[in-house]
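2 protein chains.
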Amino acid sequence: METQIRVTFQPHGRSVSVLSGTTILEAAARAGLVIETPCGGAGTCGKCRVRVMQGCGAATASDERVFSSEELREGWRLACRTVIACETVVVVPLASLFGGEHQILATSDSGTTPEILPDIRKIHVALAPPTLIDDAPDLLRLEHAIGPFKASLSLIRHVSATLRANGFAGTAVLANHHLIDFEAGDTRERCFGVAFDIGTTTLVGTLLNLCTGDKLGVVSRMNPQVSFGDDVLSRIHHAASCGNCLDEMRLALTNEVSGMIDALCAGATISRENIYAAAFAGNTTMEHILCGLNPAQMGETPFVPMHARGLLVPASELGIPIHHGAQAYVFPIIGGFVGGDTVAGMLATRIDRHEGTALLVDIGTNGEIVLSHNGVFYAASTAAGPAFEGARIACGMRGTHGAIEKVVFDDDVRLEVIGNVAPTGICGSGLIDLISELLACGIVTPEGQMLAPDELPGTLAPALARRVRADENGSISFVLSEAGAGCGSSPVALTQRDVREVQLGSGAVRAGIILLLRQAGLDVSDLGIVLIAGGFGNFIRRSSAQRIGLLPGGIDHTRIRYVGNVSLAGAQAALLSGDARRLGEDLARRVKHVELSTMDGFQDAFADAMFFPRS
Amino acid sequence: METQIRVTFQPHGRSVSVLSGTTILEAAARAGLVIETPCGGAGTCGKCRVRVMQGCGAATASDERVFSSEELREGWRLACRTVIACETVVVVPLASLFGGEHQILATSDSGTTPEILPDIRKIHVALAPPTLIDDAPDLLRLEHAIGPFKASLSLIRHVSATLRANGFAGTAVLANHHLIDFEAGDTRERCFGVAFDIGTTTLVGTLLNLCTGDKLGVVSRMNPQVSFGDDVLSRIHHAASCGNCLDEMRLALTNEVSGMIDALCAGATISRENIYAAAFAGNTTMEHILCGLNPAQMGETPFVPMHARGLLVPASELGIPIHHGAQAYVFPIIGGFVGGDTVAGMLATRIDRHEGTALLVDIGTNGEIVLSHNGVFYAASTAAGPAFEGARIACGMRGTHGAIEKVVFDDDVRLEVIGNVAPTGICGSGLIDLISELLACGIVTPEGQMLAPDELPGTLAPALARRVRADENGSISFVLSEAGAGCGSSPVALTQRDVREVQLGSGAVRAGIILLLRQAGLDVSDLGIVLIAGGFGNFIRRSSAQRIGLLPGGIDHTRIRYVGNVSLAGAQAALLSGDARRLGEDLARRVKHVELSTMDGFQDAFADAMFFPRS
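Read top to bottom, the protein sequences are chains C and S. Counting in this note's numbering, the first sequence runs from 143 upward without gaps. Counting in this note's numbering, the second sequence runs from 143 upward without gaps.
You may find that some hints are simply not true.
Remember, identical chains collapse to one label, so a pair may be satisfied in a single copy or spanning two.
With a cut-off of at most 30 Å between alpha-carbon atoms, the simulated DSBU-like pairs for lysine-lysine come out as follows [unchecked claim]: (1) K357 with K189; (2) K357 with K264; (3) K734 with K292; (4) K292 with K264.
Honestly, the hints are just simulated from the structure, not real lab data. Since we're looking at a predicted model, the values are computed, not measured.
Next comes chain C alone, as it looks inside the complex:
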């Protein structure tokens, strides 16, 4: 394990530890700050400017082309070109952040941020008490102060009592024009919402301040439904397999979400009763189960969901224990296997704003692919499997503390581990790096075979060769780390079986992209931008993704951009803005849902993609 170097980003105050040689761009991404790189990190556009306040990097030729000598003296550098060699403090100006403050909600092309205009508004009122002359009823008094509203009977019962017990003052909580509560005192500061990405394998939730848009916490858990099967089809079958199976799965999910909300509240020391809105984005099956809708009909041809529109329903009806009057938004659906998470991704990346042709590839347990071509959207789904989320991989894990998230080979293996600790497993981004390196050095063949110790190429560095092991049954594995807890009782290693899982997953995504382009009459050369999304970890190396064939050959790597968990970002956008939600509804309606399996050439395309590309 090499020494890691500390990099601190200001004014955000975030620090990460990285290997020597990492660019500031990559380090910033690990700190959750995605910097503008319209040129794809080629050092030419000058958009990724940052100011190195403390550190030891010399200016590169690119820096000298972009900055004046005074700027260079002040520490201005291009984040994509500047390599970290010692402890560094970097100031990232807002203008350099991808999409400004709400960076993952906007594209680099537009640079605009969506307005924060949530449905929830809190208004503090101090009303004149009634007299014989001014004898307007209590609620009419309130209406004069806050505008027309609707309210449930139970709330009307409560408002007068609260008004009269507090000298006709208090805080009205409005969800659009529905009064959902009337609170004693001035509670305007306490106004929160939660957004969730409900993945087949992974759940991620964030707590947001609805007034400022600030993110107050994030929590990630395994979807407890994995005990009922690790892909959507097995979930669909389980839901239909007994009378209360659907409800059992729904409760497993909502209980976990409830626990995540507890954790978010504890982290921010707020009360669940001050969470007034929730937004959920998930694939079609996950959203159906969340809503208690039987997904059975998606398990048989023609794989048709029950509903498609976004649902705005009482959170209590979903069993989500936040404010009793809160509404929960569940994202609109495109088709049986292209769900609300894809719509959320389209919304977060504003794929509609890309001129020409753009591709969004969201890799989860299913890989969803959206192609945007001159205002027309095509979407399809392909079974990537849970490998990239760490499941079905011997030492796989999510991108959390202890996960190997970056792998580089030189004369031996160099690792980056989240939290800078001994590794306990490997997450999606690490896996992609590792397979890429194994392919590059010939330990794994393009056919996906991991060579035995005695079959290795003679040019291989000895340290690397020593990591290839065969057990007593002849099963081959590649050992990453003997140190630390490892996975189970073994060292952290990659098995032949793991290689097959990645091979199938990346092949499925590549074939899906090729077929969808074909459906639109396009070719990879038409692609202006390729956005890769998913919960791989903190970053994904484009070269690695290309090397393992997650994307078709022929895409200029400067056109590829990693945009992170866009499903969660879209859910957050919907929470913060009714306009964003309506835009999502509109995008969902405009998408052409393509069922790849009914296309001519489907079998051939998948068969072709089952091998890794020959470099």
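Fit chain S to the supplied structure of chain C, relying on the hints for placement.
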């Protein structure tokens, strides 16, 4: 008891039995058909034309002025002038009905009928089942057929199953744009609603066909809350007197309403599950209790209600057991003692359409008075007491089977009894007639004293004089009927105490009218029309109402019109038309609420009105 004569009205097929000498106009009113009389029944306007197909009435001078000799030969007569002398069959043309088919919902001046356009619509659909090519989700398929809608999660759960179990066909039930049910088969014929007048003393409910507007039944019951006190103030105090008193009163009411709905359903052989809407009009206190809103603040100055706007809430939230997705509408409120029943009355009479100055007097346990003057509305409330609804009167009863509803004195007493049976009591209209006749013949003095047998004027017919009795304590009463069941064990009689109740009640109404006119700077001579509403019975005789001083002196009797239960009529209008409901909301907002007790001269006006008028 004189023989009664049968009169049949066509094409309605309704028959009533009346005393000889009754006009066709009065008989029609008893049959529920209110005929146009813009001239007030003076025989001059010619609007009340009917055709006597069978009978024995000769043409009057008025008939000869209005009709041609050919028309006279065909049987055309003025309903206001034609007296019934033998069994008669009358055809009433639509043009002669007050307001056409929906007579009580429109004024005679406009003659227009509100459109039947209820919020509830049923649409039968037969959808194409999904295929791999046409893979739209189930609810999107439905949306293509019925337009965009919202639905609860529980209904979405139900729709797909119902569609798929019935070959993708069924009947959608929409309340505005909310899908509230999806029923197997074609159920369009089964679409009903209920409208209720929630009076302090009396509850009246009707069952309507929402497609046609047809009235399928009516049922009337005593408000069971009378056990908690017989006026609104005692109800308000009881509601606040213990922790669950409000809920106890609410449940007493909703249980009775539920029983009435059962009776309506049984009568029309329909299911409660096919009642998709309900409308309720009542005074402010009754509506508060119905909604579970504590009326306590209306028991103390400044008598301010909790809310004012009309409420559209789930019927289930009110505890009204109809369709589980049904909405209930509760009328908007004007002030603490001028409630939704008044708004409903304004709506039913379309008081906004009267040019000049119009007065609506709705006499229930409270008397509500609305003055419309050149587009400005004033409303006030006055405590009439429950006498006109038959309560606090020794032999008082509601206007149902066995009630004396009309009293005429000649040399003895002539009675009309509802159902043509031996009388069991006297209802409001009979009471007004009786007091009027007793005043006219001198048995009751303008001060309200019933003379003892030995004080009676010598000119009095002996048969009438014999009806005045004094018991062993010297209490005087006037016996109406020795025959029949009587009230309790006594004969049907009027007591001195009963006279005092009517005296107070009619005086309160008269004083209220005088004060409200004064507030608007007007005089009785300014009144273009006076509409008297209430549940007195089937009809009210204007001359009697004037004689007992229910109205101020000086109103030309041709300007007075009895319009029946306008609170119920308004509730029905709101059930049948969203436009009507919105109009009611608008009227409620435009009314100036006048608190009579804070006016200068309040005490004097009430003291002046405490005596019956000297004729």
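Hints versus structure:
For a Cα distance limit of 30 Å, the shortest separation of K357 from K189 inside one copy, 25 Å, qualifies, whereas the shortest one across copies, 74 Å, does not. Proximity of K357 and K264 under a CA criterion of 30 Å is satisfied intra-copy only: 19 Å inside one chain copy versus 46 Å between copies. When the C-alpha separation of K734 and K292 is checked against a cutoff of 30 Å, the pair qualifies only between copies, where the shortest distance is 24 Å, while the shortest distance within a copy is 38 Å. In this homomeric assembly, K292 and K264 come within 30 Å of each other (Cα to Cα) both inside a single copy, at 15 Å, and across copies, at 26 Å.
Checked against the numbered hints listed earlier, the structure breaks none of them; every hint is satisfied.
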